[in-house]
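Taken in sequence, the protein lines are chains A and B. First residue of the first sequence: 4, per this note's numbering; consecutive thereafter. First residue of the second sequence: 4, per this note's numbering; consecutive thereafter.
Some hints could be false.
The list treats identical chains as one, so a pair stands whether inside a single copy or across any two.
Claimed, not checked - Once the Cα atoms are required to be at most 30 Å apart in a straight line, the calculated BS3-like pairs of lysine-lysine come out as:
{"hint": "1", "residue 1": "Lys226", "residue 2": "Lys306"}
{"hint": "2", "residue 1": "Lys216", "residue 2": "Lys83"}
{"hint": "3", "residue 1": "Lys115", "residue 2": "Lys333"}
{"hint": "4", "residue 1": "Lys115", "residue 2": "Lys83"}
{"hint": "5", "residue 1": "Lys70", "residue 2": "Lys10"}
{"hint": "6", "residue 1": "Lys115", "residue 2": "Lys203"}
{"hint": "7", "residue 1": "Lys35", "residue 2": "Lys180"}
{"hint": "8", "residue 1": "Lys330", "residue 2": "Lys216"}
{"hint": "9", "residue 1": "Lys203", "residue 2": "Lys309"}
{"hint": "10", "residue 1": "Lys180", "residue 2": "Lys226"}
Keep in mind the hints are simulated off the structure, nothing from the lab. Treat the numbers as computed from the prediction; the structure is a model and nothing was measured.
2 protein chains.
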Amino acid sequence: MADYTFKEKVVVDPSDARAFEKALYVAAGMRKEDAAIVADHLVKADERGVYSHGIQRNSIYLNRFKKGGTDPRGVSRVVKEFGGTALIDGGNAMGMVTGKFAMEKAIELARKCGTSAVSVTSSNHFGTCAYYVQMAADAGMIGMMWTINCGNIMAPTGGVERQLGNNPFAFGIPTRKHPTIIFDAATSVVARGKIVVAMKTHSPIPEGWALDKDGNPTTDAEKGYWGTVLPFGGYKGYCQTFVNAMLAAVLNNSAFGPTIIDLYEEPEKIQNNGFLLQCIDVNAIDDIEGFRTRVDEAIDYIKGGKKASGVEEIYVPGEIEANNEAKARKEGITYPIEIVEESHRFAEELGVELRLTK
Amino acid sequence: MADYTFKEKVVVDPSDARAFEKALYVAAGMRKEDAAIVADHLVKADERGVYSHGIQRNSIYLNRFKKGGTDPRGVSRVVKEFGGTALIDGGNAMGMVTGKFAMEKAIELARKCGTSAVSVTSSNHFGTCAYYVQMAADAGMIGMMWTINCGNIMAPTGGVERQLGNNPFAFGIPTRKHPTIIFDAATSVVARGKIVVAMKTHSPIPEGWALDKDGNPTTDAEKGYWGTVLPFGGYKGYCQTFVNAMLAAVLNNSAFGPTIIDLYEEPEKIQNNGFLLQCIDVNAIDDIEGFRTRVDEAIDYIKGGKKASGVEEIYVPGEIEANNEAKARKEGITYPIEIVEESHRFAEELGVELRLTK
Numbered sequence: 004m005a006d007y008t009f010k011e012k013v014v015v016d017p018s019d020a021r022a023f024e025k026a027l028y029v030a031a032g033m034r035k036e037d038a039a040i041v042a043d044h045l046v047k048a049d050e051r052g053v054y055s056h057g058i059q060r061n062s063i064y065l066n067r068f069k070k071g072g073t074d075p076r077g078v079s080r081v082v083k084e085f086g087g088t089a090l091i092d093g094g095n096a097m098g099m100v101t102g103k104f105a106m107e108k109a110i111e112l113a114r115k116c117g118t119s120a121v122s123v124t125s126s127n128h129f130g131t132c133a134y135y136v137q138m139a140a141d142a143g144m145i146g147m148m149w150t151i152n153c154g155n156i157m158a159p160t161g162g163v164e165r166q167l168g169n170n171p172f173a174f175g176i177p178t179r180k181h182p183t184i185i186f187d188a189a190t191s192v193v194a195r196g197k198i199v200v201a202m203k204t205h206s207p208i209p210e211g212w213a214l215d216k217d218g219n220p221t222t223d224a225e226k227g228y229w230g231t232v233l234p235f236g237g238y239k240g241y242c243q244t245f246v247n248a249m250l251a252a253v254l255n256n257s258a259f260g261p262t263i264i265d266l267y268e269e270p271e272k273i274q275n276n277g278f279l280l281q282c283i284d285v286n287a288i289d290d291i292e293g294f295r296t297r298v299d300e301a302i303d304y305i306k307g308g309k310k311a312s313g314v315e316e317i318y319v320p321g322e323i324e325a326n327n328e329a330k331a332r333k334e335g336i337t338y339p340i341e342i343v344e345e346s347h348r349f350a351e352e353l354g355v356e357l358r359l360t361k
Numbered sequence: 004m005a006d007y008t009f010k011e012k013v014v015v016d017p018s019d020a021r022a023f024e025k026a027l028y029v030a031a032g033m034r035k036e037d038a039a040i041v042a043d044h045l046v047k048a049d050e051r052g053v054y055s056h057g058i059q060r061n062s063i064y065l066n067r068f069k070k071g072g073t074d075p076r077g078v079s080r081v082v083k084e085f086g087g088t089a090l091i092d093g094g095n096a097m098g099m100v101t102g103k104f105a106m107e108k109a110i111e112l113a114r115k116c117g118t119s120a121v122s123v124t125s126s127n128h129f130g131t132c133a134y135y136v137q138m139a140a141d142a143g144m145i146g147m148m149w150t151i152n153c154g155n156i157m158a159p160t161g162g163v164e165r166q167l168g169n170n171p172f173a174f175g176i177p178t179r180k181h182p183t184i185i186f187d188a189a190t191s192v193v194a195r196g197k198i199v200v201a202m203k204t205h206s207p208i209p210e211g212w213a214l215d216k217d218g219n220p221t222t223d224a225e226k227g228y229w230g231t232v233l234p235f236g237g238y239k240g241y242c243q244t245f246v247n248a249m250l251a252a253v254l255n256n257s258a259f260g261p262t263i264i265d266l267y268e269e270p271e272k273i274q275n276n277g278f279l280l281q282c283i284d285v286n287a288i289d290d291i292e293g294f295r296t297r298v299d300e301a302i303d304y305i306k307g308g309k310k311a312s313g314v315e316e317i318y319v320p321g322e323i324e325a326n327n328e329a330k331a332r333k334e335g336i337t338y339p340i341e342i343v344e345e346s347h348r349f350a351e352e353l354g355v356e357l358r359l360t361k
């Protein structure tokens with residue numbers, strides 16, 4: 004939550020947040036069932052503490068409706084299907100609606116063929132990858148996702164130009180007693196948003212976050228802002244982001260490189276965003292119950308390792324977010340007041356009477 | 004080639020190297036056709052400049068035959084098949100033989116179902132991932148591979164014990180005019196071998212390579228040797244290595260964590276090594292010729308970007324290795340004399356008359 008101050012907090016009931024968000028997106032022109040998908044997606048991200056992908060995105064999504072970039076009533080459809088594969092045209096609908104449709108298809112195909120690969124084109128920003136790989140894991144499957152970012156912010160190793168996104172990718176692994184293993188990561192060291200905040204607050208940035216526009220390492224946030232974000236793990240992160248782009252976008256001729264439409268700066272333009280979903284039905288290879296037990300044992304083994312001095316707990320992928328989610332469902336979601344007030348302004352504009360409440 | 008000195012070089016004809024290696028493994032008990040697979044795998048790694056996975060591994064592989072850890076005449080077989088998935092029992096054969104068998108199955112299944120997932124158990128160290136994802140790309144498919152390392156050398160983030168391997172993973176993407184895109188990476192910042200060399204030469208190691216046994220950052224190679232190697236990209240690399248282990252080993256009950264057999268230190272023990280191969284037949288989703296063109300265009304776009312000062316060329320994943328391979332095929336493979344002499348000692352022991360020559 005580095006992007007917000009918590010000077011004044013508002014605790015909101017998650018069901019109220021879902022009802023509010025659904026009403027907001029219905030008022031903005033979406034069908035009720037589609038608006039409910041968007042609402043669940045955004046509020047779940049906030050429950051998990053991933054505020055960057057929560058209701059604070061109302062501003063950009065609603066603006067894209069207003070400016071014509073995204074079609075609130077777009078319909079996704081399967082245009083090609085073969086064995087365990089499908090190609091889906093997102094119909095320029097909200098990405099969360101297309102993403103859920105596509106993962107449901109991927110799960111159906113993997114049930115039939117043991118494994119699946121569903122390639123999506125003509126989509127929009129779809130929220131978090133975690134949401135979709137969780138769906139796969141809930142179905143007793145291993146889920147994978149490969150995406151391309153809606154904005155070029157990274158240079159290839161040795162380059163200085165913004166040629167690539169920090170294309171996120173994700174994995175979901177079913178468990179029994181432990182929360183689902185979810186590894187959902189962008190390929191940059193940090194989100195560009197953190198550099199924006201440092202610039203706004205006149206703070207330096209740590210070495211290793213960004214390069215200036217000439218490709219030199221910088222700790223000056225403004226120079227980093229006008230330069231490029233660094234990939235995680237050096238050249239390996241650059242290779243990963245390039246591969247993710249091939250899988251997500253180049254495979255089905257979605258936007259890549261020069262044809263990428265910036266999510267924030269070009270709200271009137273169609274994004275043609277692509278992504279790839281894969282499922283493996285554990286039962287096709289092993290027995291899901293045995294697998295769940297072994298993954299739980301693997302988690303216990305890792306968490307039971309000797310800790311470094313000062314470390315209270317060793318976490319496994321997705322555990323911190325799952326803990327946040329459990330807490331938010333019991334105690335409510337803690338929002339910075341700025342986010343709540345911004346959402347209320349949209350509600351007023353759109354004539355929505357609901358408000359975010361405890 | 005950080006692990007070897009090049010004080011005295013020997014240039015070897017790649018066909019001679021293949022013939023020599025095949026004879027060596029036949030003399031060690033392998034069937035001719037299987038020995039040819041191992042020979043091609045190891046020599047190709049050397050051609051690509053990946054000497055760590057080339058014929059310098061003769062010592063460990065032949066030792067495992069001698070001590071009984073690996074069965075030179077092991078036979079791999081499909082034990083379960085459903086749709087695009089298969090479970091393969093490697094039969095404790097040489098990993099390169101099992102790996103090739105498994106990737107051929109994965110390609111066959113993806114041709115039938117558009118995509119495939121082939122899970123392998125009871126295998127041994129299989130060389131480089133690059134070899135297999137290249138096979139997929141040669142078949143007009145996207146190849147992926149997830150593996151577990153034969154040795155625990157990494158701590159989870161926050162831990163200090165060697166609980167995880169630097170489990171490599173790889174992707175292969177078909178191209179037309181450019182070499183196949185191959186991203187084949189371990190999840191540690193550097194191979195542990197580099198720390199061993201630094202220790203032997205009493206050199207310091209850069210910060211960020213390793214932690215001491217108490218989990219503190221260290222530049223002392225010996226302390227790093229007795230400690231743990233660091234994951235690439237911090238906690239993201241740890242998450243990736245954990246996920247890779249779930250996909251490669253825990254999925255089919257191969258060795259993981261406490262049951263890992265160290266490749267080097269336990270040559271008499273059966274490894275029960277696991278891995279996972281995936282293919283996507285590009286034709287199932289798009290048209291392979293269109294895809295090849297777009298990947299080539301993507302490569303041209305990246306390579307055409309503005310370079311940082313002092314950078315002569317921007318490379319794409321696998322390009323440097325492909326350049327090495329083209330050069331070695333024309334001019335021969337340049338080996339350090341130590342590697343050649345070691346291989347010749349094995350030849351003498353096994354009564355092989357061939358020698359590595361130019």
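These are the hints, each one checked on the structure:
1. Lys226 <-> Lys306: The answer is between: 24 Å across copies meets 30 Å, while 40 Å in one copy does not.
2. Lys216 <-> Lys83: Neither, since 43 Å and 54 Å both go past 30 Å.
3. Lys115 <-> Lys333: neither (38 Å within a copy, 48 Å between copies)
4. Lys115 <-> Lys83: both (16 Å within a copy, 16 Å between copies)
5. Lys70 <-> Lys10: neither (33 Å within a copy, 66 Å between copies)
6. Lys115 <-> Lys203: For Lys115 and Lys203, the Cα distance exceeds 30 Å both inside one copy (52 Å) and across copies (55 Å).
7. Lys35 <-> Lys180: Cα proximity of Lys35 and Lys180: none, with 34 Å in one copy and 49 Å across.
8. Lys330 <-> Lys216: neither (42 Å within a copy, 35 Å between copies)
9. Lys203 <-> Lys309: For Lys203 and Lys309, the Cα distance is within 30 Å only across copies (28 Å; inside one copy 41 Å).
10. Lys180 <-> Lys226: neither (47 Å within a copy, 37 Å between copies)
Hint compliance for this structure: hints 2, 3, 5, 6, 7, 8, 10 are broken, all remaining hints hold.
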